[in-house]
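Could you build all of it, start to finish, from the sequences and the hints given here?
In terms of this note's numbering, the sequence shown has 5 at position 5, counting the first letter as 1, and numbering is strictly consecutive.
Hints may contain errors.
Unchecked claim - List of simulated lysine-lysine pairs, DSBU-like, C-alpha gap at most 30 angstroms:
1) K4 <-> K28
2) K3 <-> K18
3) K18 <-> K2
Keep in mind that the hints were calculated from the coordinates and are not lab data.
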Amino acid sequence: MKKKYDFVFVTNCPAFYKINLFNEIARKAQIMVVFVGVSKEVVIDEN
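Laid out in structure tokens, this is it:
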């Protein structure tokens, strides 16, 4: 069975720096990124 992806990333925050990182990784490897949202808010409030 041939694998489709080299890496699978699951993250809860689609921050611009993560998108840039995933784009750079995708230049060298086959990746799949899953953004998981538990609410409609994009900003994570840790307070």
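Between K4 and K28, does the CA-CA distance stay at or below 30 angstroms?
-> At roughly 14 angstroms apart (the allowed maximum being 30 angstroms), K28 and K4 satisfy the hint.
Hinted pair K3 and K18, Cα distance within 30 angstroms = Holds, at about 24 angstroms.
Quickly compare the C-alpha distance for K18 and K2 to 30 angstroms and report which way the hint goes.
-> holds (27 angstroms)
Taken one by one, the earlier hints all hold for this structure without exception.
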